[in-house]
Amino acid sequence: MDVSGAGGKAKKGAAGRKAGGPTKKSVSRSSRAGLQFPVSRVGRYLKKGRYAQRVGTGAPVYLAAVLEYLAAEVLELAGNAARDNKKTRIIPRHVLLAIRNDEELGKLLAGVTIAHGGVLPNIHTVLLPKKVAEKAAIGAQEGRQVPQEGVE
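If you read the sequence shown in full-length UniProt numbering, its first letter stands for residue 1, the second for the next number, and so on.
Possibly wrong hints are sitting among the right ones.
[Unchecked claim] Derived CB-CB ranges, DEER-like:
no.	residue 1	residue 2	range
1	LEU127	ASP84	20 to 30 Å
2	ARG44	LEU127	24 to 34 Å
3	LYS107	ASN80	36 to 46 Å
4	GLN141	ARG50	28 to 38 Å
5	GLY34	THR88	20 to 30 Å
6	TYR51	GLY139	39 to 49 Å
7	LEU109	ARG50	17 to 27 Å
8	TYR69	GLY21	36 to 46 Å
9	PRO129	ARG41	49 to 59 Å
10	ALA140	VAL112	21 to 31 Å
11	GLU104	ALA140	15 to 25 Å
12	THR88	SER26	32 to 42 Å
13	SER31	LEU109	24 to 34 Å
Simulated from the structure, these hints should not be mistaken for laboratory data. The C-beta atom is built at its ideal place from N, Cα and C for all residues, glycine as well.
Assemble the whole structure, with the sequences as input and the hints as a guide.
So, in structure tokens, the structure goes:
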């Protein structure tokens, strides 16, 4: 029997808790996965892009983790390139140098053009003066690069 006089069940709030009770703080899927990249946004883009009819719950988490790892890798190498050039701010040139000097990233981003990145410094050995060309040829045989004179 109901003696409350309302003639029904007690009202319930979110997740089956009684109304007026303490609400549980929401935790983002990014923080749950320990990521900085937005898992929910990646999931939304996957659904919106119509890459598949359905998207599993683990797919956006995995993709966000991969994107975060790649971004961290590029930023670390670009930061090293900036430090080598005695700069404190990363510019597109540093990003290009980082990507092109790394074998795996260079292979992954081979067809990518980076705006205001410039080109890698490279002088063909035929065009070098005779003494420097001989040193470069010896260095190439030993598997190391010889610093070129007059090139920054």
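Hint numbers not upheld by this structure, sorted from lowest to highest: 2, 3 and 4
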